[in-house]
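Novice: Note that the protein sequences, when read in sequence, are chains A and B. Counting from 64, one number per residue, gives the positions in the first sequence under the working numbering. Counting from 816, one number per residue, gives the positions in the second sequence under the working numbering.
Keep in mind the hints are simulated off the structure, nothing from the lab. Cβ coordinates follow ideal geometry from the N, Cα and C atoms, glycine included. It cannot be assumed that every hint is accurate.
[What the hints assert, rightly or not] Some, not all, of what chain A presents toward chain B, calculated at C-beta under 8 Å: (1) Gly-113; (2) Asn-132; (3) Ser-142; (4) Ala-154; (5) Val-160; (6) Ile-172; (7) Asn-178.
[Said to hold, decoys possible] Across the chosen pairs, the derived CB separations fall in these ranges: (8) B/Glu-818 - A/Met-187: 42 to 48 Å; (9) B/Leu-890 - A/Thr-97: 22 to 28 Å; (10) A/Glu-186 - B/Glu-818: 45 to 51 Å; (11) B/Phe-824 - A/Thr-97: 14 to 20 Å; (12) B/Val-944 - A/Met-190: 49 to 55 Å; (13) B/Ala-821 - A/Glu-180: 44 to 50 Å; (14) A/Arg-191 - B/Ala-916: 47 to 53 Å; (15) A/Ala-174 - B/Gly-922: 19 to 25 Å; (16) A/Ile-184 - B/Val-843: 25 to 31 Å; (17) B/Val-944 - A/Glu-180: 33 to 39 Å; (18) A/Lys-179 - B/Ser-929: 32 to 38 Å; (19) B/Leu-931 - A/Glu-186: 29 to 35 Å; (20) B/Ile-911 - A/Tyr-141: 27 to 33 Å.
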Amino acid sequence: MRIRDWGSGIGVNRQSIRNPQSAIRNTRIMITPTHYMLLSAALFMIGVIGVLVRRNIIIIFMSIELILNAVNINLIAYSAQLQNVIGQVFAVFVIAVAAAEAAVGLGIILALYRNKETINIDEMNLMRW
Amino acid sequence: MGEAIAFYFISACILGFALLVITTRDTVHSVLFLVADFLFVAALYVLLGAQFLAAIQILVYAGGIVVLYLFVVMLVNLKRPPEAHSDPHRLTKVGIGMSAAVLLELGAIAAYSSQLPATPIAPGAAMPVTGNTEQVGWLLYTSYLIPFEIASMLLLVAMIGAIVLAKREL
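Please work from the sequences and hints to get the whole structure.
Specialist: In structure tokens form, the structure reads like this:
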């Protein structure tokens, strides 16, 4: 496996005492797991907005795929940081569950469309209380 | 330096395409933007040294799931755009506000955990194989054999369920 050196905050501080310029350059260039976590959070939020705001049920399902991708980015970023492949194994399971969810969900969409002639979730209110 | 440039470029592309997926009116365009998004996520996996996951991402997501979505978009006749019907009870702003709360919460967790002292790196169990694909496969067929079999059963059940749901009459 590739050896990655992401460094810790303590190391950066100690370096900045000795040589402030190089420390600033290092902190700017370095990509830490926090960067990946923020990217993952932003992608997750875009998916949540898609689920909550859109009315087209196909686009809602695509937003769920975006959310699962955000989870996978987190798993793999920490797998790379801890130099441990188990995170990637779990990402494989997440992808398998996503495939199953897409197949069943799209089957449900087709069955609903056959009955109600719509893909607008606001019109799918048979079970609304 | 190169890693930082690649990370920021790929991140910008991922977030931009994700925004296009949820804002485009045309559902077919939305599916195509989803393909581009999945490809850039695969590029991010390569950047993280997970080549096997990148290949799986392209094969399963960009190749399989997206084709399913395109089939459904074709089968569902979109004569009337679904967004034309407006529900006065729908609270779009509340949805965006709640999503922003989720982002704030996740950002706070990230900021808090980045201030903690770095945990000592736990090296993985000694494996008799080297290389990303070999290691993932070795773990899948030794320590995670039972979850792997359960996942295959789940896929089988999902396949049967999708056929039963989508078939006109059994």
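Novice: Which hints from the list above does the structure break, by number from lowest to highest?
Specialist: 7, 9, 14, 15, 16, 17, 18 and 19
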